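Heads up: the sequence lines are chains P and D, in that order.
Take the first sequence: its letter number 51 is residue 51 in the working numbering, and every next letter is one higher.
Take the second sequence: its letter number 83 is residue 83 in the working numbering, and every next letter is one higher.
Since the hints were made in silico from the structure, they are not lab data.
Incorrect hints may have been included.
Intra- or inter-copy, both count: the list cannot distinguish identical chains.
[Said to hold, decoys possible] Listed next, the in silico SDA-like pairs over lysine to any residue satisfying Cα-Cα at most 25 Å (straight line): (1) Lys183 - Leu118; (2) Lys183 - Glu166; (3) Lys183 - Met140; (4) Lys183 - Thr310; (5) Lys183 - Glu163; (6) Lys183 - Arg127; (7) Lys183 - Thr159; (8) Lys183 - Thr143; (9) Lys183 - Val162; (10) Lys155 - His174; (11) Lys155 - Ser168; (12) Lys155 - Ala102; (13) Lys183 - Arg55; (14) Lys155 - Arg176.
Remember, predicted model here, so these are calculated numbers, not experimental data.
Number of protein chains: 2
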Amino acid sequence: MRSLLPLSLLLPLLASCAGAPPREATPRPEWSIVIHGGAGTIPRDAPAGEADAHRRSLAAALELGSEILARGGTSLDAVEAVVRLLEDDPLFNAGKGAVFHAEGGHELDASIMDGEDLSCGAVAAVRTVRHPITLARRVMEETAHVLLVGDGAEKFADTQEVERVENSWFDTEHRREQWLERKREAEGASASDPAHRFGTVGAVALDRGGHLAAATSTGGLTNKRFGRVGDSPIIGAGTYADDRTCAVSSTGTGEEFIRFGVARSISARMAYGGEDLETAARAVVEGDLAPDDGGIIAVDAQGRGVWVFTTAGMYRAAADSHGRREIRIWGEEE
Amino acid sequence: MRSLLPLSLLLPLLASCAGAPPREATPRPEWSIVIHGGAGTIPRDAPAGEADAHRRSLAAALELGSEILARGGTSLDAVEAVVRLLEDDPLFNAGKGAVFHAEGGHELDASIMDGEDLSCGAVAAVRTVRHPITLARRVMEETAHVLLVGDGAEKFADTQEVERVENSWFDTEHRREQWLERKREAEGASASDPAHRFGTVGAVALDRGGHLAAATSTGGLTNKRFGRVGDSPIIGAGTYADDRTCAVSSTGTGEEFIRFGVARSISARMAYGGEDLETAARAVVEGDLAPDDGGIIAVDAQGRGVWVFTTAGMYRAAADSHGRREIRIWGEEE
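One chain only, chain P, in its complex shape (with noise of 0.2 Å):
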């Protein structure tokens, strides 16, 4: 041997040379998950037990996710799971504490897809199904179909084990205000007013086995009208998963998110133009939409968790196997 120094002290050394950081480095966490509870403007000034609620709310979420995965856990049950307990959140704008429609009622949509052979399922406008990502599910396990809307959805859900509940059960206080105040005010209330479309949950995650999976779950816009479906349930809008690119859950001003194809587009970007995740993701939430339109979450292949919104705030979280939790609401939080 004429080298005096072992190859493990050398390669470093090499790859730093070459001007990039050795890859042993960064080595690829063994799961990885990022969720989310909306974006929008979240008025610093609220009373301090609000944004705790939130973050307690995302903590739990956030370990009953990191769980799942850490013994193992298919990413599709992670994002399952945390959505799930999501939509049980009086907190959020999904399942239990959804917003009102304009008649004073809950519609709510949800998707979900399995990164590893693409298959998905989306339900849209449903009012009895205490879970909606669980209906989806069920569309994407037990159907030949992706997408199934209002009263064909229900009639579905007769056909599954899935709980059900009163449209009334889905009702909060709180939400009763914000659409009476919503009433009040107009009329001119507009689609795009951030102050109103908090809440959409959603989850994405790499598992142990390499595979991808998102979910996005939401109760829409408050004092909707006329069937209106947002983003949330459109596959390749407010969810996509491919394990050659990434995993994204999107919220914000639905129609935006569907015109721009956002969930899609980054995954594209990936795909056909060879950009990173964050590239990809800022070009399409920064470059494609509008200030304030809203934002994503997202994880690569390689289990970088990332999240890129253009509002004031958004409820997230993140944790990775080596050792990442981070529970974020305002932009300029570190």
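Since chain P is already given, all that's left is putting chain D on it; use the hints.
Same frame as chain P, now just chain D:
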């Protein structure tokens, strides 16, 4: 002057030296249009009159669209007018002549998109609107929304001057027999049986102003249940238009077109991967999709109109200001 050759003679020589045909040889047509009436397995032994009738219908629609574009109308007006005509045509599975769903009625889906500003509108599961494509355009132009479904879309129609009909107005004997046969057959009825997914209609066009537009309308699947929604009303799957790339309308197994975000993927390959329209369309239809899933029509910003399909046939036609005029049914026709 030292040169003995006028510049206009020299330029093509220079271009051909560079190995590329001179641009002047194929100037952009002033307008271009492609239309379709669905893709699937059309029996060669069907009564000759049947193919002739379809050709006559395609010719009339092509004529109407060409006329609008030739006199300087917008691509948006052209694709809407063509789709309205095909919706009224009992031969196709859209509007009058739509297939029957499992309960014996009709639910119609449509979407439209303007490539100039990416504005778009869509409706799903409408029951009493004679021209769903026009309701989709109203969603685009008169609301802040993109997609309205079911009862809500019907209520929105109440606020608009659009022609209404009884649901039974869409009945045709042909489709009723198809439905009854389907019901007898099974249960085992699969969403992907190509013989039964015929007749979705669509149009894409480039106008003299350089703007692209796309429109798609369908009655969905024979004997469909559970409020199933396919790709036709999903912006990015069934329909997409962006002046910077192309306009696309899809037809086939809707679930697969949603999964791969077909219309938007073609645009994304052009935008992010630098592919030309035909390369991008083939990559998606022949690469991402499975054989027999269906096909697309598309036109790019240079007025190149293409179709790509993997079924035995596709009712289709194309015309442009250079005098192109093609009407085709099967795959091998020239």
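Margin query: For each hint given before, does the structure comply? Return the numbers of the non-compliant ones in rising order.
Written below: 1, 4, 5, 9, 10, 13
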